[in-house]
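Trainee: Put chain W on the given structure of chain Z with help from the hints.
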Amino acid sequence: MTAVTLTERSPGRRGDAFLSVQDLHVSFSTEDGVVKAVNGLSFEVERGTTLGIVGESGSGKSVTNLAILGLHSKEHTEISGEIWYGDTELVGAPGKTLERLRGNRIAMIFQDPLTALSPYHTIGKQISEVYRKHKGASKNESRDRAIEMLQRVGIPNPKVRVDDYPHHFSGGMRQRAMIAMALVCDPDLLIADEPTTALDVTVQAQILDLLKDLQQDFGTSIILITHDLGVVARTAHNVMVMYAGRAVERGTALEVLGTPRHPYAWGLLSSIPRLSSPVDVPLKPVRGTPPSLLNLPSGCPFHPRCDYPQLAGPELCFNDRPELSPETGHGDACYLTLKQKQEIFAKIKENL
Amino acid sequence: MSLLELDGLTKYFPVMGGFVWKKQIGNVHAVDGVDLVVGSGETLGLVGESGCGKSTLGRIAARLHEPTAGKVLYEGRDISHLSRRELAPIRSEIQMIFQDPYSSLNPRHTVGKIISGPMEINDVHPEGGVEKRVRELLEIVGLNPEHYNRFPHEFSGGQRQRIGVARALALNPKLIIADEPVSALDVSIQAQVVNLLQQLQRDLGIAFLFIAHDLAVVRHFSQRVAVMYLGRIVEIGDRESIYERPRHPYTHALLSAVPEATVETEQRQRIRLAGDVPSPIDPPSGCRFRTRCWKAEDKCAEEVPPLLQISGNREGHLTACHFPEEPTTHGDDVVLDPALA
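So the protein sequences, as listed, match chains Z and W. For what it's worth, the working numbering labels the leading residue of the first sequence as 63, then goes sequentially. For what it's worth, the working numbering labels the leading residue of the second sequence as 2, then goes sequentially.
For the record, the hints were derived by calculation from the structure and aren't laboratory data. Incorrect hints may appear among the rest.
As the list claims (entries may be wrong) - If the Cβ cut is set under 8 Å, some of the chain Z residues that face chain W in the computed set are:
(1) 119
(2) 153
(3) 209
(4) 295
(5) 335
(6) 345
(7) 383
(8) 386
Claimed, not checked - Label pairs and their in silico Cβ distance ranges:
(9) W:312 <-> Z:230: 43 to 51 Å
(10) W:280 <-> Z:378: 55 to 63 Å
(11) Z:195 <-> W:22: 41 to 49 Å
(12) W:286 <-> Z:222: 20 to 28 Å
(13) Z:227 <-> W:22: 20 to 28 Å
(14) Z:201 <-> W:11: 32 to 40 Å
Even glycine gets a Cβ: it sits at the ideal position worked out from N, Cα and C.
Bound conformation, chain Z alone (with noise of 0.2 Å):
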């Protein structure tokens, strides 16, 4: 583990961001209650740098990029708080605005490329769908753009397969498929919702390459979820952990990943085992489960699981939930003094 000196990076990170994400609140009413899946989360995506979002299920990771693509349905859910993508508020945009951004500027790959994909139309013809309704090309056009997006993410013998059908490619190609369907309009956002997780880890290696290699190449933001802290890792530039709905702790992933702050940060590092961490001690998972929605702990949502609330102050922990702090730069939320984390951080260390 590199050792990273906890100074406070300079503030001015919002200057760049072109989403902006602030007090975002989603939920959703059920039989059982309302689930409260996102709960005051604010964040920022700079220009051209991809940022990781990583948190358990039920985090709100997805719902909060669906949120985004105003994709939730608006009869069943509540929506409050900001989206800023430049100078257009999100949320509160009527349908037609947003149709004009989704797939066209603002695009997104899901998880599972057999089911995101139509098994009744060619690879081709999905991908200049897209292209004809958003750059009105022709037929032909849209079908050479198609041909040349899928030369671009590796398919081999694009002109030929551009007439394939979905069950004719396998795992790895569909999620090339995907991405090329999400780059050709060359968005400014792709939002990536476990783009690895179906894949094998051969594959998975050549997905996260590739996904890398575009963005340089084409300048994208990339919002990148997933519960895989090595996919983080390998290709995120700032992390932001998620907890019942909100921010636990964000920064770069050199900060997130290398000093973590935030005792739930703790958890997940301590219990994945890795190939060079020692065989014969137990791993050290994160006790109990993770809250319900409908009813959330009070005060902090981790403190239920957490070991150091009487550290912190347990009124606290117990009462208040915790604000994300500082507001710039490599922040969290947790009541334990910055000193206080640097120093159990550094006892324990070596085991994560």
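Mentor: For chain W alone, coordinates are given in the frame of chain Z:
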């Protein structure tokens, strides 16, 4: 002593084709000539990518499938073609843990009924009654014995997997075949279940055939590791040999593809394999890895490389390759992907 021995194990699944009149047009070569030994009390990890036949292998070992050819020996006895009735006494000694804790538990049965199911089927009457034994099992796997009457939907994913483990333990098995037991679980829960399995292995001396695609989890859990590719074992050996001194190019590629949760300050040298695993319906001749291998030569297409101990390898570390790699984990940065070159 060997508890389970697989000898030239082969399983083909027929592929049917044709309209109206179905006829067999080919075979899926799921497992093709695998030799494997699991000693009693030992953990053997089985890694490989999806479609390499590792789950099929596990299912044949539990005799849920009948092998097409080859033998399954359990405690020296050939069980490969036994009938249901003949298998019954052996079934209780080989148990399985499944990947998906949601679909592997019957939602209409209480936890008590699920865990006592194996005892009922095998007509086992534990001392003090079935209920007492179930409560005991719940406690062993770290669940509250009071939850005896609850239904699976009342539990989280990690807790459900514990129920699956308790069910596997109900008959005091000697061998547990765990097919991706933690891959459906969240990171923080994964570690809890791995720790539980490891503790059971130590306390009860159960042998495990641990099937997973996560190399780090397998390394943590298994004393010996076998690497599978397209129905064959390409490399097998003790944990240290496989992870520190692998010889097969595929093992090298797999290890270098694992994303580690550490930000690399300098570029790690990596092997990036091109393409996907070929179809098991029509696998490549000779060495099956040759279509993606950077060292492949004519010989690889003509001759099937035998699984041998290469000079310099430890006892029991076998590799199936004509042109093995140097026994280090840091190879050259090999780029095989045309899109990335």
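Trainee: Using the beta carbons of residue 280 of chain W and residue 378 of chain Z, state whether their distance is inside 55 to 63 Å or not.
Mentor: With a Cβ separation near 59 Å, residue 280 of chain W and residue 378 of chain Z satisfy 55 to 63 Å, so the hint holds.
Trainee: Measuring from the C-beta of residue 345 of chain Z to each C-beta in chain W, is the shortest one below 8 Å?
Mentor: Cβ of residue 345 of chain Z sits 4 Å from chain W, so the hint holds.
Trainee: Can you verify the interface hint for residue 153 of chain Z: is its Cβ closer than 8 Å to any Cβ in chain W?
Mentor: With a minimum Cβ separation of about 29 Å from chain W (threshold 8 Å), the hint on residue 153 of chain Z is violated.
Trainee: Hint residue 383 of chain Z vs chain W: min CB-CB distance below 8 Å?
Mentor: Violated. Min distance 20 Å.
Trainee: Evaluate the given range 41 to 49 Å for the C-beta pair formed by residue 195 of chain Z and residue 22 of chain W.
Mentor: holds, 45 Å
Trainee: Is the interface hint satisfied for residue 335 of chain Z? The criterion is a beta-carbon contact with chain W at less than 8 Å.
Mentor: holds, 4 Å
Trainee: Given the hint of 43 to 51 Å, check if residue 312 of chain W and residue 230 of chain Z actually sit that far apart at their C-beta atoms.
Mentor: holds, 44 Å
Trainee: I want to verify a distance hint. Is the separation of the beta carbons of residue 227 of chain Z and residue 22 of chain W within 20 to 28 Å?
Mentor: holds, 25 Å
Trainee: Using the C-beta atoms of residue 286 of chain W and residue 222 of chain Z, is the stated range 20 to 28 Å upheld?
Mentor: holds, 25 Å
Trainee: At a threshold of 8 Å, is the proposed contact between residue 295 of chain Z and chain W supported by beta-carbon distances?
Mentor: Holds, about 5 Å.
Trainee: Would the hint on residue 209 of chain Z be counted as holding, given a Cβ-Cβ threshold of 8 Å to chain W?
Mentor: violated, 14 Å
Trainee: For residue 201 of chain Z and residue 11 of chain W, compare the CB-CB distance with the range 32 to 40 Å and indicate the outcome.
Mentor: violated, 50 Å
Violation of the numbered hints given earlier is confined to hints 2, 3, 7, 8 and 14; the remaining hints are satisfied by the structure.
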